[in-house]
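Asker: With the hints as extra help, turn the sequences into a complete structure.
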Amino acid sequence: MTIMSGGKILVSALGRQTLAPIRNLGKLGTFFFWGVVNIFTLPFQFFKVIEQVCFIGAKSVFVITLTGAFTGMVLGLQGYYALTKFGSEGMLGSAVALSLIREMGPVLTAVMVIGRAGSAMAAEIGIMRISEQIDALETMSIDPVRFLVSPRIAAAVISFPLLTALFDVIGIIGGYITGSVLLGINSGVYFARVESSVLMKDVSGGFIKAVVFALVVVAICCFQGFYTHLRKEGFGSKGVSLSTTSAVVTSCVLVLITDYVLTSILL
Amino acid sequence: MTTPLIQLQDIHKTFGSNPVLNGVNLNIYRGEITTIIGKSGGGKSVLLKHIIGLLEPDSGEILLDGRPLSTMKKSERKAMKQKFSYMFQGNALFDSLNVYENVALPLKEKTSLPEREIRKRAGEKMAQLDIAGIGDRYPSEISGGMKKRVALARALITSPEIILFDEPTTGLDPIRKNAVHGMISDYQKKFGFTGVVVSHEIPDIFYISQRIAMLNNGSIIFEGSPDAIQQAEAPDIRNFIYGMENRRSGFNGAAHQTYVEQRFNQEKFRLCDHNITFSLIIFTLENFSEITEHADHMAGQTVLTNLTEYIRRQINITDSCSRCGLNKIALLLSNTDIEHARAFCQRLSKEIKGSDLLDIKPYPGFYFSLRAGFAQATRDSRLEALMEQAESTSNPFYTFNIC
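Taken in order, these protein sequences are the chains called X and Z. So in this note's numbering, the last spot in the first sequence is 267, and the numbers never skip. So in this note's numbering, the last spot in the second sequence is 1403, and the numbers never skip.
Don't read these hints as lab results, they were simulated from the structure. Treat each hint with caution, since some may be false.
Said to hold, decoys possible - Heads up, simulated DSS-like pairs for lysine-lysine below, C-alpha to C-alpha not over 27 Å straight-line:
id, chain 1, residue 1, chain 2, residue 2
1, Z, K1073, X, K232
2, X, K27, Z, K1074
3, X, K48, Z, K1073
4, Z, K1081, X, K8
5, X, K48, Z, K1110
6, Z, K1081, X, K27
7, X, K48, Z, K1108
8, X, K48, Z, K1120
9, X, K27, Z, K1120
10, Z, K1110, Z, K1074
Being a predicted model, the structure only gives us computed values, none of them experimental.
Answerer: Below, the structure is given as structure tokens:
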């Protein structure tokens, strides 16, 4: 009898452990679905989207420029010394441009925006949740997902590709600075290689990644903030801090996993 | 019999292992203010959140207009929800929006009114609640009392049919507390909404409520009129009600009605045993509504407060002074017959000055009208009957005009 009841407890605990993430995944799916659907429901929240484009996009320009420049410069430096061993330093433009446009541009842009805007989204929505502001929206019959999440998704879908493009361009210029200006590769060769090796599908692949990352990042960050009150390991401000951490870590990991999946599909 | 607007039937709710509601049955009638009282942490706010649909009951049924909420379609629920408004205990103001944006938000999001009309309506509501000058400030920059009024303005802006107030006066000073009560009462009369108030403000809340429900240990142990609850015999109710009252009211420095009741009984003993008579005077600020309408809700309260203070300075220590309504003060004069009570009133009417009662800048045409009614107690008198008698024989004795 004791063994049976012990077994029962074990099975039910296992069941709970299995069901909880599946339930969460379902909740995330529904949350994301309504977030996207509500972008297109009337009346359009034009000004809120613009406001978020400013926050997610315009205000990230500086940090993206900075990281893009240094990433390109490091790629130029590393690429030069690697390619010199094979006597093919003329290929530097291709190496820098392709690695930036295909991989590093979308991924690093997403990671930087997660750090700057994703964490802020999770914290802002989390604080709204614990201070009953989201409940207040519900009592006013204002759909909180439409009000808070949809403009952010729309803004991220607009901003991420633009920021990625900026990152790529600045990165290529960074590679040029180290490769040509500092290390002496002919600038014509550098840009000719960039032009000849980058195909449209590389560019569009990078943009597809940027759009998918935008959806992943905003969905995860907003979701973590929105359900702060359901966290069992911490309540109130502690809950918000945990949600913010979780939003950043989860969306970074998911960006990398999604990147692998998308690369394998797009290649 | 009238069907209640909202019916809660056998509502149960448990959080983790903590049962909060254990079979709540409550009826809320259209056009009335129903106040839910009960111990802190007893589930009153939880009950309110069930009514508006922020929480779902574990079991039981909520009926709106006689229709179970659980059988309504999503669209019907949504339409029903739009009739509600909710004022949160912690205000729940949007901290990234300024005061005007907070007040105007329900109109902006839920109506297709032009911006000019929204601005006009929000401006009017803010002016009525005396927050017109702080429209561009953020919630973190204003005081607790102002936040309450902003929350109240936001709750009233859509002219809802049903408003739920979760401890609307928590954290306010006694004067503002009663100003908020006055506002709720006035707006209820003006717009005829159905109000559900969660409050600890006993007995002040009785003056504005038509029905009182007491929540104890997760269920409603009393439902009835304010008079009925004050006469209830159940120890739980008596302990709670009289435990919540203080000898001195925070409202205006006057003793509460229960203290007057005690004093009345003492005086009656003296009357019966020693034939020492006593009288009761009821002062009514007749144009209370007019003052609150033209000036603000604080003005009426200020006049009442100052009047009470003034009277207290004129009376003996054996006399007692108490508020007995939103705009009424009862004065019990020991060892005084009706003629002396009349003389006291006359003396008061000559000596009292408008400047003693008024702290605000008078609006054009401002005046206030005080009416005093008096009655002498007999050996058979009951307090309620004596108060009625005093009010029925009322005659205006004092009208003061300020130009």
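Asker: Look at each hint and say if it fits the structure.
Answerer: Okay, the hints, checked on the actual structure:
Between the alpha carbons of K1073 (chain Z) and K232 (chain X) the distance comes to roughly 32 Å, so the proposed pair goes past 27 Å and is violated. For the hint pairing K27 (chain X) with K1074 (chain Z), the CA-to-CA distance comes to about 19 Å; that is within 27 Å, so the pair holds. Restraint check for K48 (chain X) and K1073 (chain Z): not satisfied, since their Cα atoms lie roughly 30 Å apart, outside the 27 Å limit. Taking the CA atoms of K1081 (chain Z) and K8 (chain X), the gap is about 43 Å. The hint is violated against a cut of 27 Å.
Using a Cα cut-off of 27 Å, the hinted pair K48 (chain X) and K1110 (chain Z) holds, with the two alpha carbons roughly 15 Å apart. Distance hint between K1081 (chain Z) and K27 (chain X) is fulfilled; the C-alpha atoms sit about 24 Å from each other, no more than 27 Å. In summary, the hint linking K48 (chain X) to K1108 (chain Z) is supported, as the alpha carbons are separated by about 13 Å, within the 27 Å threshold. For the suggested pair K48 (chain X) and K1120 (chain Z), the alpha carbons sit about 23 Å apart, so the restraint of at most 27 Å is met.
Note on K27 (chain X) and K1120 (chain Z): the hinted pairing is violated, with a Cα-Cα distance of about 41 Å set against a maximum of 27 Å. Proximity of K1110 (chain Z) to K1074 (chain Z) is assessed by CA-CA distance (about 17 Å); at most 27 Å being required, the pair is judged to hold.
Checked against the numbered hints above, the structure violates hints 1, 3, 4, 9; every other hint is satisfied.
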